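S.K.: Same order as they appear, the protein sequences are chains W and L.
In case it helps, my numbering puts the first sequence at residues 199 to 638.
In case it helps, my numbering puts the second sequence at residues 80 to 444.
The set of hints was computed from the structure by calculation and includes no laboratory data.
Remember, it's a predicted structure, so these values are computed and weren't measured experimentally.
Where a beta carbon is used, it is the ideal one built from N, C-alpha and C, also for glycine.
A couple of the hints might just be wrong.
[As the list claims (entries may be wrong)] Covered stretches of chain W (chain L as the covering partner; in silico rule of three or more C-beta atoms under 8 Å from a C-beta of chain L): (1) 206-214; (2) 552-559.
[Claimed, not checked] List of simulated lysine-lysine pairs, DSS-like, C-alpha gap at most 30 Å: (3) W:K346 to W:K414; (4) W:K497 to W:K538; (5) W:K538 to L:K433; (6) W:K462 to L:K365; (7) W:K462 to W:K447; (8) W:K592 to W:K414.
[Unchecked claim] Incomplete in silico selection of chain W near chain L, CB under 8 Å: (9) N231; (10) A240; (11) A242; (12) V244; (13) L246; (14) P247.
One-letter residues, chain by chain:
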Amino acid sequence: MVRHFRLPDVGEGLTEAEIVRWHVREGDPVELNQTVVEIETAKAIVELPSPYEGVVSELLAAEGDTVAVGTPIIGVREPGEEPSATPEAPAAGEPEPAEPAPSGRTPVLVGYGVKPGSTRRRPRKPAATRPAASPPAGRALAKPPVRKLARDLGVDLASIVGTGPEGTVTREDVRASVEAPLAPEAPPAPEAPAAPGRERSATRRESPDEERIAVKGVRRATAAAMVSSAFSAPHVTEFLQVDVTPAVKTVKRLRALPEYAETKVTPMLLVARALLTAVRRHPMINSSWDEEAREIVVKRRVNLGVAVAAERGLLVPNLKDAHALPLPELAAGLDALIRKARDGRCEPADLTGGTITITNVGVFGVDAGTPILSPGEVAILAVGRIRELPWIHKGRIRPRSVVTLSLSFDHRVVDGELGSAVLRETGALLEEPFRLLALG
Amino acid sequence: MTLDAHTVHDTELIQLLTPEGERLEHPDYPLTLSDSQLRDLYRDLVVVRALDRESVALTRQGELGLWPSLLGQEAAQVGSGRALGAGDMVFPTYREHGVAYCRGLPLLNILKLFRGVDLGAWDPREYGFHLYSIVIGSQTLHATGYAMGIQRDGRHGTGIGDAAIAYFGDGATAQGDVNESFVWASVYNAPIVFFCQNNQWAISAPLERQTRIPLYRRAQGFGFPGVRVDGNDVLACLAVTRRALDLARTGRGPTLIEAFTYRMDAHTTTDDPTRYRHSDELEAWKLKDPIARFRAYLSRSGLASPDFFDEIDAQAKREAADLRSACLALPDPPPAELFDRVYAGPHAVLAEEKAAYDSYLAGFR
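I would like the entire structure built from these sequences, with the hints used as guidance.
M.R.: And the structure:
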């Protein structure tokens, strides 16, 4: 017999959750209480333990899917039992249980469920009969959460025809305007009946000419952050080429030291150290712009952000109090943070509170970029690839290891003079690492 | 880091077992236990943790509505719980599953509350363990009143009398109720022990938002002794609570015990502690784990063999499985039962309301 685990409400009144990551695949044996899936609710990422022991017969939701509480998400066949010939999976989206509980109740939510049909909503008031033919003049009507959604998605509310009561713009209206911006008149394509959750992931739609990918999760958060940053902070980017031959040698020597035996030491460590030293000498570069208070907030602590290309997308976790860390701890801290981000194990605390950021575009094989600031910060340093270039060294042309540093800053807070000073000092510290010792 | 402001100074922390499992002696708190008593304490710790973990899993599987985990606080609860006498009365918060276990209260009763199928679930007199109190700190007033009742019944002062013990957390110390209890207990010299499990976090509010001085020192201002004990040391918690109960029973008034410990899990299953505390804090406390140190002590002193530990683990697993199946088998109460538990006898207004509710429910059939 296959038993289905229904998505529980893990947070007192939540209605849905997103499937973040499956820890098991079909055919895997599972033990009672073994973690099978990570879900993300409005409150937290939570690991769900299997309520059954047996073999996974099917996963009924794909990673990235948003699933309503009470929906079966995984089937577990009893141990030692052969798969039956007839499929036992409930049809996708079907809310009824595969086998009714003895009492006729649906075992959803907390422990026992409601009797089928015992919850009735009051009949809804008929929707406003006035056809909302044209966008209302002036300010569009919408509830605050819908306004926020529109802002997050970069949608202008005034451009949307509201279908709610009194012509209010609803959440669905906002979503619809994003999903079909080019053909607002076209009726939505009828959804093909899908195999439960997998054959056709809800996040992608195919047609011969184009592929549509729903924007959610990290991609959506990244987009919102980039838009809010790019269109609120006037960006300036400056570039500096630096001979890092001695720095590369220093990194090699560091690797040989016992203190660094268990840490991955890369030139990024010295870049971080150099930037931190420059920040200490120019605190204003480690600040933020408070629009409401009309104040510049200079941060006394440096929480150093590091942009990481993780499987789920771009993440910028930050290392807390990086300014106070001796070099071995800085190395270990960055190493651990980056691995955590790559493994998708970042905690919300790791991703908030950053004060200045480094991004390594060199890993993509390019020399420089014009990075966009992390929202709330006023500077970001991009590090290009290190490569051998002909360079004038002590009066002769020599092959040297050269890197380009690109520093973007918020021109409301940082003038060209300050930005240039920070970039120049960071470069000088890298060019001659002994200066790091000299300046501490 | 939060703990810096409240660094534990060894001089003020009563400890009989170091985090490495090394046995210490303390002149004020001599403790002699038989080998089997020591092994029983270990059994309690492991079983209580297993039952707690099972309850968290049941919550994640939708079988309970909520669970406040005691992870990390096992020693504080078992140590103090095993110090209690049969006639003593416990006034718990909502997290004292370990104390309940020591009082012989089947944890299934507590699961009934969090499954929402019972409103009380046990008779406090039967177990010397009052109902869970969700309102922060209110139970300290109940406990103080109860202790004053013991006094008035003449059931204390003889050395064999009874005492009350009130459990609460660091967050509760900032509540008016707790401070009022301290005043009443102090001026009436009530036979009560105030057992504060300082687990460093009041949901997301850190200790430095509750106090500027170590909590146990508050007692001095109220006029009774306060002591800080290593809350992850089951032996010290046992010894310190025993002594405090002894003072209460012999007419020497209240004691405040601050068990310095740490909430390893979330406040409840609906809380996400990673949003407000750093994982390095958690890692630091893992090194002070109450079970690991006791296990190290038992094996190093030859009191327990690997077989013993295996047997305890098996027992814990069994008890957790039993708890699970019993929980899943709990019947749903009829909704109208709500009305039957308000007054001891029949009540006209309630009867009317019950009838109205019945007809309302009938409308859905």
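S.K.: Hey, does the A240 (chain W) contact hint survive, CB to chain L under 8 Å?
M.R.: Interface hint status for A240 (chain W): violated (11 Å vs cutoff 8 Å).
S.K.: Does the structure keep K462 (chain W) and K447 (chain W) at a Cα separation of 30 Å or less?
M.R.: holds (15 Å)
S.K.: So if I understand the rule, the pair passes when the alpha-carbon distance is 30 Å or less; does K538 (chain W) with K433 (chain L) pass?
M.R.: violated (56 Å)
S.K.: Let me know if the C-beta of V244 (chain W) comes in closer than 8 Å to any C-beta of chain L, holds or violated.
M.R.: Cβ of V244 (chain W) sits 7 Å from chain L, so the hint holds.
S.K.: Would you say the region 552-559 of chain W counts as covered by chain L, given the rule of at least 3 residues with C-beta under 8 Å?
M.R.: violated (count 0)
S.K.: Min Cβ distance, N231 (chain W) to chain L: is it shorter than 8 Å?
M.R.: Cβ of N231 (chain W) sits 5 Å from chain L, so the hint holds.
S.K.: Does K538 (chain W) lie within 30 Å of K497 (chain W) when you go C-alpha to C-alpha?
M.R.: holds (25 Å)
S.K.: K592 (chain W) and K414 (chain W): Cα distance at most 30 Å?
M.R.: Not satisfied, since the Cα-Cα distance of roughly 53 Å exceeds 30 Å.
S.K.: Would you say the region 206-214 of chain W counts as covered by chain L, given the rule of at least 3 residues with C-beta under 8 Å?
M.R.: holds (count 5)
S.K.: Compare the distance between the alpha carbons of K462 (chain W) and K365 (chain L) with 30 Å, and conclude whether the hinted pair is satisfied.
M.R.: At roughly 26 Å apart (the allowed maximum being 30 Å), K365 (chain L) and K462 (chain W) satisfy the hint.
S.K.: Per the CB criterion, is L246 (chain W) less than 8 Å away from chain L?
M.R.: Interface hint status for L246 (chain W): holds (5 Å vs cutoff 8 Å).
S.K.: May I ask you to test the interface hint for P247 (chain W) with respect to chain L, counting a Cβ-Cβ separation under 8 Å as satisfied?
M.R.: Given a least distance of 5 Å, the restraint on P247 (chain W) holds.
Going through the hint list in order, the structure does not satisfy hints 2, 5, 8, 10.
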